[in-house]
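Trainee: Here is how the chains run, residue by residue.
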Amino acid sequence: MEQKLKTDFDKFISTSNFSNQEIKLKKEALNNFLKNGFPSRKLENWKFSDINQIIKKNIGELTFYNDYKIENEINDDIFIKEIEHNKIVIVNGKVERLSFEYEESDKINLTTLENFNQNPNDDNSLLSLNNSFSNKINNILVKKNYSLKKPLIIYQITNEKVSNTNINFQLNFDLEESSSIKIINFSDDNSEKNFINNLFHFNLDKNAILKNYKIDKKNNTNIKYDYSSIIQKENSISETFIFSSGSNYVKNEVNCNLEGKYSSAFINGIHLLSQNKHHEIRTKTDHLYENTKSYQLIKSVIDDTSKSVYQGKIYVDSKAQKTDGYQLSKAVLLNEQAEFNAKPELEIYADDVKCSHGSASGSLDEDSIFYLMSRGLDKKTAKELLINGFLLDVVEKITDEEIKKLLKNMIGLN
Amino acid sequence: MRDKQIENLKDYKYGFSTDIESFKAPKGLNEEVIRFISNIKKEPDWLLQWRLKAFERLKVLEEPDWQKPKYPKIDYQDLYYYSAPKSFKEKPKNLEDLDPKLLETYKKLGIPLQEQKRLNGIAVDAVFDSVSVATTFKDTLTEKGIIFCSISEAIQKHPDLVKKYLGSVIPITDHFFATLNSAVFTDGSFVYIPPNVKCPMELSTYFRINASDTGQFERTLIIADKGSYVSYLEGCTAPMRDENQLHAANVELIALDDAEIKYSTVQNWYPGDKDGKGGIYNFVTKRGLCKGKNSKISWTQVETGSAITWKYPSCILKGDNSIGEFYSIAITNNHQKADTGTKMIHLGKNTKSKIISKGISAGKSDMTYRGLVDISKNAFNSTNYTQCDSLLMGNKCGAHTVPYIKNKNSNSNIAHEATTSKISEDQLHYCQQRGLNQEEAVGLIVNGFCKEVLQQLPMEFAVEAQKLVGISLEGSVG
Chain A
1 MEQKLKTDFD
11 KFISTSNFSN
21 QEIKLKKEAL
31 NNFLKNGFPS
41 RKLENWKFSD
51 INQIIKKNIG
61 ELTFYNDYKI
71 ENEINDDIFI
81 KEIEHNKIVI
91 VNGKVERLSF
101 EYEESDKINL
111 TTLENFNQNP
121 NDDNSLLSLN
131 NSFSNKINNI
141 LVKKNYSLKK
151 PLIIYQITNE
161 KVSNTNINFQ
171 LNFDLEESSS
181 IKIINFSDDN
191 SEKNFINNLF
201 HFNLDKNAIL
211 KNYKIDKKNN
221 TNIKYDYSSI
231 IQKENSISET
241 FIFSSGSNYV
251 KNEVNCNLEG
261 KYSSAFINGI
271 HLLSQNKHHE
281 IRTKTDHLYE
291 NTKSYQLIKS
301 VIDDTSKSVY
311 QGKIYVDSKA
321 QKTDGYQLSK
331 AVLLNEQAEF
341 NAKPELEIYA
351 DDVKCSHGSA
361 SGSLDEDSIF
371 YLMSRGLDKK
381 TAKELLINGF
391 LLDVVEKITD
401 EEIKKLLKNM
411 IGLN
Chain B
1 MRDKQIENLK
11 DYKYGFSTDI
21 ESFKAPKGLN
31 EEVIRFISNI
41 KKEPDWLLQW
51 RLKAFERLKV
61 LEEPDWQKPK
71 YPKIDYQDLY
81 YYSAPKSFKE
91 KPKNLEDLDP
101 KLLETYKKLG
111 IPLQEQKRLN
121 GIAVDAVFDS
131 VSVATTFKDT
141 LTEKGIIFCS
151 ISEAIQKHPD
161 LVKKYLGSVI
171 PITDHFFATL
181 NSAVFTDGSF
191 VYIPPNVKCP
201 MELSTYFRIN
211 ASDTGQFERT
221 LIIADKGSYV
231 SYLEGCTAPM
241 RDENQLHAAN
251 VELIALDDAE
261 IKYSTVQNWY
271 PGDKDGKGGI
281 YNFVTKRGLC
291 KGKNSKISWT
301 QVETGSAITW
311 KYPSCILKGD
321 NSIGEFYSIA
331 ITNNHQKADT
341 GTKMIHLGKN
351 TKSKIISKGI
361 SAGKSDMTYR
371 GLVDISKNAF
381 NSTNYTQCDS
391 LLMGNKCGAH
401 TVPYIKNKNS
411 NSNIAHEATT
421 SKISEDQLHY
431 CQQRGLNQEE
441 AVGLIVNGFC
451 KEVLQQLPME
461 FAVEAQKLVG
471 ISLEGSVG
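Sequence lines, in order, name chains A and B. So the first sequence is numbered by the working numbering: it starts at 1 and just counts up by one. So the second sequence is numbered by the working numbering: it starts at 1 and just counts up by one.
Next up, chain B with everything else stripped away, as it sits in the complex (with noise of 0.2 angstroms):
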């Protein structure tokens, strides 16, 4: 078998540089698939060692299984760790090719038509002028200095940096999903911002033009140097249809002095069905550090799909004065299950952080929030407040939650707060007899509970991602 695989191997090395788009590495995990792949990439020598690295490590480590939602066993041999894009030839030609269900919940976000189509990989008409669009983005980009791009084109554009900084806040000796990530990583966004710079906009908003399959192991890499600020974002409301069932993306941000990121996501991707088959198994590893003073890190997302999310963004403060923020909201519905929360470790003096948990379950799925605040013996003057509330609906599901509160230094203050409960008959029964029906009023109370998180958001996908609440949680009651 490993022979043959070998074989396969062997053809496609006289094959790659002609004709891309057809290939496809063979099946399973192996040094050979991951040579393939640093080869099909041009990457550097360094680079590849690098994954044989993590490659070596991987197979000592185990998959964890501490989690809440299990999930039947992962067969890795049988996966393929890369495969270039679809060409159009086998995406769908039209909007009517599409199943209903996904262009009404379209409708309900209220995502132009053209759109629409280019999140189904649908080619666009020429009247569509997104390149120009995009072009002018990048000018503007370009003359400031920011870089934004594929990390595959910053690997040959700017070693230096990503030589610098990948691996830096997740090394190769992480955990289970980090390091196989760091061993067949794909491709992904790269953004290094220069000295003093604000990024002039969302970079969400060229991202979702350019949206493309950057596959189940995404590498994302966000540099903030000294005094810059960007805000970025992840995903989009649209729902999702992904073949693969596993994603396991690593995503690495660095701010140094006086610099602020601020990463939202939505994520939508597809949750299975309504008797809890199939849908994206969610296992990413997000990991900010505020290496300078006066950093600032701030992590906003709202959850509401993939059959299993399984990831908690986290902060390193290292620098003195830094600041990290998480702010989530996690919605599930029918079988879907979410174990997800953040890390806070402060190590420098005076940092803050700040968590605000927002958790909905609905029908028959599980919910936990679990999160960590460590203050170590250095860390004088910190402080953390921590705030997580759950909103059940039904006596079917589950809502839990596990903070884990470590405070190694007398002069810092963590708070943490928890609350559980339902919406209640008062509440709905008043927004009913206001003439709202009852899956409205739902969503609006549902929104009123959210509202510490949405107003995180870039303004405009907070409405959108307010309308998303109120589709996930279609019915769910009554």
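Just chain A, same shape as in the assembly (with noise of 0.2 angstroms):
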């Protein structure tokens, strides 16, 4: 494998033009990875999911160069037709239409990053991976209290032309004092076997709002590993939803630093998994500040021979003080053969804390499905029933009523 990072590395070297502070940054990060290699279960955060094994059983060789230079044709139909909305396109890991059509255009700046964020003692390879081959990083910075009027919908798409291929993007958002943004993530893959690695920073300052819905739903054969990190400042918001179905295995990653005082962060996340699909949610969320706020709830679907894994770590400084956090993961198992693995944490160094976590998982109640039947259903709308329930609760959590609607809808939950 070293030898075809090193040939496709150069490849995509001298078929770029990056500058060469960024080809040095790229070479470091390059290196790194070289280094570590793919995450296995050694690793306390790959315990549950051995990306290293599961890229070897499920893809074999894998290819690291992708040409950003083949034009991606992109087809109107796909693009969501309910509500006005921004687009960001990206095919393949390139992006290929960047339209913030219903704002103003001065409030938002848009740049590409020479320097990107790199920490060469971070022991997550792929993010250094991610570092060394993706594409000109895309820099979206909005401007002091400018709210967005329209979400942003960024497609994610893949097609037939790429395969056994990584795919690695990123893209970084700045927003600046008490703004606001409204993002859904929907992922449209149409290709097979590939591996596919985002990254995304979100920087937020004061007062600033993130809403951010990420939606994987269509199957397909890909392996997807997602990270966002957010850093907040003073009194900011972030919220964070994830409907995890689509893809063959997937691990979503999100770190929030709440770094000042009044800032809350909100995870929610769904797994809808059947066939023998293995997701895996983990959220860090560190506070490092007094009065600060973290909510996450996580609920899992498992079907077939499915797997769901949530790893979920709340760490309070010793400084945070008042820190109010919660995390609750539920999984229902509806397969004999189908698997729930939970690591909720708590990592606590101040005493004036509120801090809780609970997890459960298990079949679903007999009773209840029993008083549904008794009442004229049968087991199978019984049981539909039921697990409409227990998403609902997730779903009845995303603040806008606009894009709940949508989501709604496109998840089949009433």
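Everything labelled a hint here was simulated from the structure, so no lab data went into it. Incorrect hints may appear among the rest.
Quick list of in silico lysine to aspartate or glutamate cross-link-like pairs, DMTMM-like style, CA-CA up to 25 angstroms [claimed, not checked]:
1. B:K163 - B:E153
2. A:K35 - A:D50
3. B:K68 - A:E347
4. B:K354 - A:E366
Because the structure is a prediction, the values reported are computed rather than measured.
Assemble the dimeric complex from its two separately framed chains, guided by the hints.
Mentor: See the structure below:
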């Protein structure tokens, strides 16, 4: 693999036009990845989902070279009709369209980053891989006091032109003081057997609001890793919703740093799994200042031989007095072969805090099924109704009414 | 160096049969030392081979390092692996010679004077008839067919039982410290309860009177045969001074069909001074196997001592309908560190487990609950309930919860809850208003917090443990 990585990297650099600074950083990132390789179960973070083995077993040999010169056609049919929205269209890791047609153009600043975030001590080698092979990194800056009028929908499309390929994509958001944005990240995969590695950075200044909704619904055999880092200053709010169902393997990682007082982070997620899918959500909320708040609710419905994993960590620094942290994960196993693993973790160094977590897993309540059947429903409908209610709990947490309605339709929950 | 050691051993070879008390194996961990230990204990060959096999494996094993409390590297070649009990000459002659602080704690715990002496190995008056008490106990036990003796004695007298069960729960192929123990264990307790016998007394009572220097590599083996019941208490509430820094004991419990074992631990070893210097490393492996149908194993622990406590008393629920329970109170103060919890491994059908863990950290200490609940594919209808609560006192300490939950069976239910909080000002104020001073108030509130676990202890120890909880937290508030 090492040789392949090196030759693909050279080919990638020679066919792109990066600045010397970028090439230098990319080389460092590559070396870091070569040193660590794909994460395996030996790392605590990857204990339940050994991505090294999963890639080996399902893809085999990966190609790291990705030709960003290819022009991809975009079929307008895939766009969501129900609501007016701004668009970023990404095909095979390349930004094809970036339009903020509904917004005041001087309020949004679009640039590309020369220096990307790189932490050499970070043991997450997938971030290094992303840094070394991703194309130019777009930066979206929302100016002070500006709230986007319409939501932004990020279409992440893959087409049949790629297979057995590693696609790396990175995007940066800077939200200045008192600005706000709503994002729907919509995956539309028409490719098979690729390893897709996404990285999102969000910097929230004072009073900024981020609402981020991620939808992965379409059945496909890709393997995905999706990492979001959210850094929050005073009084800022972030809301993340994850619907994870379509791809064969997905690991969603959300890292929130609550650095300013009264900042809060909400992360809610759904795993709706069947066949032999294997999905994981890992959340890490670091309370680094007084009076911060975080809330996580993750629900899984697991059928066939699928596997759902939730790892959640709440970290409270000794400075972060008056922290409020709550975490709940629930799972329903519909099949004998299904599996649910959880690791809800608390690491607390301050005494004046309220922190708790709960985790429960089991089968559907027989009494509830019986109750519904005694009211004339057949067993299948009764089960569906119960699952619907179970998951709706999470969807109802979405604070934007328009998007909530859209997502309910999209997911098929009513 | 090595040659010299062997030379030394040769000298011992001719001396040991006459004057056991003066012996000490040379420093270091090697095959000769293991042969020496085995030889001096007149062990059968199979046990020596078993020890050597463990040692072979130990050579390739690495010390684990995933735990939260880190400690300086231990030089295993710099330890004594065998030393005979101290003679009375080296021991203090009367209570006045002891550390006054220790005496003060005894007083608070209400431990009788004679017992205080015994605990410190002071030769007791002939008037104090503990010997005859012990004999009475022994008669009652023998009458019922219960075997309760040191493991060395059991190896001589009941080799079949030992051979059958030793290492059946903690095999020599286990982790580093367990394997180290298998290679060099010196002594410990052995209990066998015959079928359908309910042990008439808490073995604790007996054990405390007979507390002896079992050393740092203790090995305990308890077997409850079909339909039997036993309650065993290890350790005691009195603070124990100990010269050995590393304690790597192994405890194996085996419950056959319909049997029940209740194992309680009260640990109050030397935690080091206020600045975190010294103190015991308590790296103990405890594991129970519910081998038969309808069997039950229950662990209760009150951990207040040791500089570092790193242990996970576990249950393997193999028999159908078997039950595993774990009740724990862990208190850390000053610079103490604890990483403790349990593993519940559900293999049989209709197995149940319950985990109640209460952690209290004060001063600059660090406390971690780490646990595993693993329900395997064939463990139909299994349930687990876990509750771990932490209480923090001050903002220089830490409380952490790291549960691992694995559910591979759709007919099984797992529920887990954890909370972290502090003693509320309101509660303190209320108690103080009613005339309690601050320390008493804290003691009362903490005891309420721990009640669920304290209730599980045998009666007489519950009272002492309650006092101990208060004493452990002295000076942590205000």
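Trainee: All hints are to be evaluated individually against the structure, with a verdict given for each.
Mentor: Now for the hints, and whether the structure bears them out:
| no. | hint | result |
| --- | --- | --- |
| 1 | B:K163 - B:E153 | holds (13 angstroms) |
| 2 | A:K35 - A:D50 | holds (18 angstroms) |
| 3 | B:K68 - A:E347 | holds (11 angstroms) |
| 4 | B:K354 - A:E366 | holds (23 angstroms) |
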